[in-house]
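**Student:** The chain contents come next:
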Amino acid sequence: MSDATAAAAGIDARGMRKAFGGVAAVDGIDLRVRPGEAYGLVGPDGAGKTTALRLLVGALALDAGTATVAGHDIVRDAERARALLGYLPQRFSLYGDLTVAENVAFFGRVRGMSGDRLAQRADELLGFVGLTGFEDRLAGVLSGGMKQKLGLACALVHAPRVLLLDEPTGGLDPLTRQDVWRLIIRLVAEGATVVVSTPYMDEAERCNRIGFMAKGRILTEGAPRAITAALAGRLLELVARPRGTVLSVARADPDVEDVLAFGTRFHLRVRSEDGPLARLPAALAAAGATVDALRPIAPSLEDAFIALLAAGR
Amino acid sequence: MAEPAIVARNLVKRFGAFTAVDGVSFEVPRGEVVGYLGPNGSGKTTTFRMLLGLLRPTSGTATVLGYDIARDPDRIRSRVGYMSQRFALYDELTVRENLAFYAGLYGLIGPDTAPRLREVTALAGLTGRDHERAGRLPGGWRQRLALAIALVHRPELLLLDEPTSGVDPEARRAFWDLIYDLAESGTTVLVSTHYMDEAEHCTRLGIMSRGRLLAFDAPEALKRAAVGGDAWDIEAAPLLPALESIERFPGIRRAGLLGDRVHAIARRGAYTAEDLGARLADAGFSATRVAAAEVSLEDVFSALATSADPDDAPPLASPTTPAPTAPGAPP
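Sequence order for the protein chains is A and B.
Per the numbering used here, the first sequence starts with residue 6, numbered consecutively.
Per the numbering used here, the second sequence starts with residue 497, numbered consecutively.
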């Protein structure tokens, strides 16, 4: 199957644009995601991630561009597109005074389901998200993580083929984040098309492909390892003190492009490793700094994103 | 040695039947950068508000910079800088006007004010932006303006409530640069965060879950005390079935996803890399890499939270339920 036909069965969006009061929130993005693929939209608040997802859901009208979901145009064929689409917004409105089971049943009926088929589906979903045994608990008293799992169950009630998840792990504890990701990976393995937005770079590594968003545009896109490979051999970790001296010496090295500090641990982005590896220990010692370690490290997605933002200026 | 910047003793805060903070005790030594890690709703913000004298504890006591939070909240607020999660900036006012407004609230008036405003503007890297409206600033700049406001009255202690949520990674790093600069000049900082990498570099770290402070110590000490095993990074395919298989290996205490790899904690000495690779191969997985790893703060959180939370839904350890969204026709 070619990329184009594969995307046609999942998400195929071209030139999507949306402005609010003259400011483009989404500024001409293409998004092609195939079934069995998790695509991560990564970027800070205000980058346009949520707007992009809302455009695909049809909650916002496109100013320009086109998009199909599971082969159906989201404008001309909105009903059919929506029937195949599940959406978990950042603040999912559960009914706090309904029980877990009643919430799933409610969203099922909204999607036109009823009777045994709905009951069976609800059981299956609550088992899937790990809420079996909590059917009669009021949604309003659930922990944040359980609410999020219930939200996911509700978004899945009509067995959508395409899933849009807007920061599904925001504010959750690390264990629940793991749970949510296992669910996402299982859905993808079963053939769902998933777009997930996240502010956490380490989570984005789990996607098959990611797109870095900033200011309404996708700056770069690709498999996480391909993105970090661009920085291979260009990152050093330096553990040294005092901070001020280390910063000024490192910044003065001709091959050091950028210095990022976390306390006394520094990430140096370099043009090439050899020069700084040879020069810095002596230069730091001469300036009176104590060096505990200087070594090449594997770049993270965050390092790659920072390099991209810097290159964009 | 100077008295600690914060001493909290058994702080409890109930809202009706809900216990938001459940017997929290800790000390923050002067000049340290102390992290406070926990999910939404775990009680971080409520704790901060009690320390600021904005909320009265149901029981327990605390002193901040030597002042009792119940008796001397005014003295505390005049010496502590607070940056709340939703930093309250006036969008219609400029950077300078926002700063001047808050300076006035803190009683900063007279000839010293203008130089101080210039000073914090420079400190926060906002020089040249004085006359821009706050509402027009990008996220990272707004965050630095909020910090400048929290600093305007020269506080000895800063309470920062998730200051880096939602800002881009570059701004996040720049912000931490600033925090360490402040700490080096003697300011004590208590900062809550969701980011493990930020927590990793604090001198001391509190971990909260459901109103309880599960641990409070240096990150390295927490890793030794709470985990106590060997950490492994494993690249194996297919990822999820491999993870679920590893979880059932004898001697594995915990396994989870770390990026696109499996990160596992094994009983000390239970495995070598070769053992693990062989076992994975026996189970039918292609393990492309097995390497000794470092214990992460996520491991610490996991170890602490699993022993502390018996009444929540069980984690999705080794589910048998397949994903119910088969890609076939919708029902």
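Some hints here could point you the wrong way.
A short, non-exhaustive set of chain B residues, derived as facing chain A with CB atoms under 10 Å [to be verified]:
| # | residue |
| --- | --- |
| 1 | Gly534 |
| 2 | Ser538 |
| 3 | Leu548 |
| 4 | Gly603 |
| 5 | Asp608 |
| 6 | Pro634 |
| 7 | Ser661 |
| 8 | Arg669 |
| 9 | Ala670 |
| 10 | Gly682 |
| 11 | Cys698 |
| 12 | Ser705 |
| 13 | Leu739 |
| 14 | Gly752 |
| 15 | Thr768 |
| 16 | Glu794 |
Note that these hints are calculated values from the structure, not bench results.
Predicted, not measured: the structure shown is a model, and the values here were computed from it.
Where is the CB? At the ideal position from N, CA and C, for every residue including glycine.
**Student:** Taking the hints in turn, state whether each one holds.
**Tutor:** Hints, verified against the model:
With 10 Å as the threshold, the beta carbon of Gly534/B comes within range of chain A, its nearest partner Cβ sitting at about 7 Å, so the hint holds. This hint holds: Ser538/B has a C-beta 7 Å from the nearest C-beta of chain A, less than the 10 Å allowed. Interface hint status for Leu548/B: violated, as the beta-carbon distance to the closest one in chain A is roughly 22 Å, over 10 Å. Nearest Cβ of chain A to the Cβ of Gly603/B: about 33 Å, over the 10 Å cut. The hint is violated.
Hint status for Asp608/B: violated, given a least beta-carbon distance of 27 Å to chain A, over 10 Å. For Pro634/B, the suggested interface contact is upheld, since its CB lies about 7 Å from the closest CB of chain A, less than 10 Å. About 8 Å separates the beta-carbon of Ser661/B from the nearest beta-carbon of chain A, less than 10 Å, and the hint is met. For Arg669/B, the interface hint holds, the least distance from its beta-carbon to any beta-carbon of chain A being 5 Å, beneath 10 Å.
Interface restraint check for Ala670/B: the shortest CB-CB distance to chain A comes to about 9 Å, inside 10 Å, so the restraint holds. Contact between Gly682/B and chain A, as hinted, is not supported at the beta carbon level, the nearest pair being about 14 Å apart and thus beyond 10 Å. At its closest, the beta carbon of Cys698/B sits 8 Å from a beta carbon of chain A; the interface hint therefore holds under the 10 Å criterion. Interface restraint check: Ser705/B against chain A, minimum CB-CB distance 7 Å, threshold 10 Å, status holds.
Taking 10 Å as the C-beta cut-off, the interface hint given for Leu739/B holds, the closest approach to chain A being about 8 Å. A hinted interface residue such as Gly752/B counts as satisfied when its beta carbon comes closer than 10 Å to some beta carbon of chain A; here the least separation is about 5 Å, so the hint holds. For Thr768/B, the interface hint is violated, since its Cβ never comes within 10 Å of a Cβ in chain A; the closest pair sits about 23 Å apart. Satisfaction of the interface hint for Glu794/B is found here, the shortest Cβ-Cβ separation to chain A being roughly 5 Å, below the 10 Å cut-off.
Going through the hint list in order, the structure does not satisfy hints 3, 4, 5, 10 and 15.
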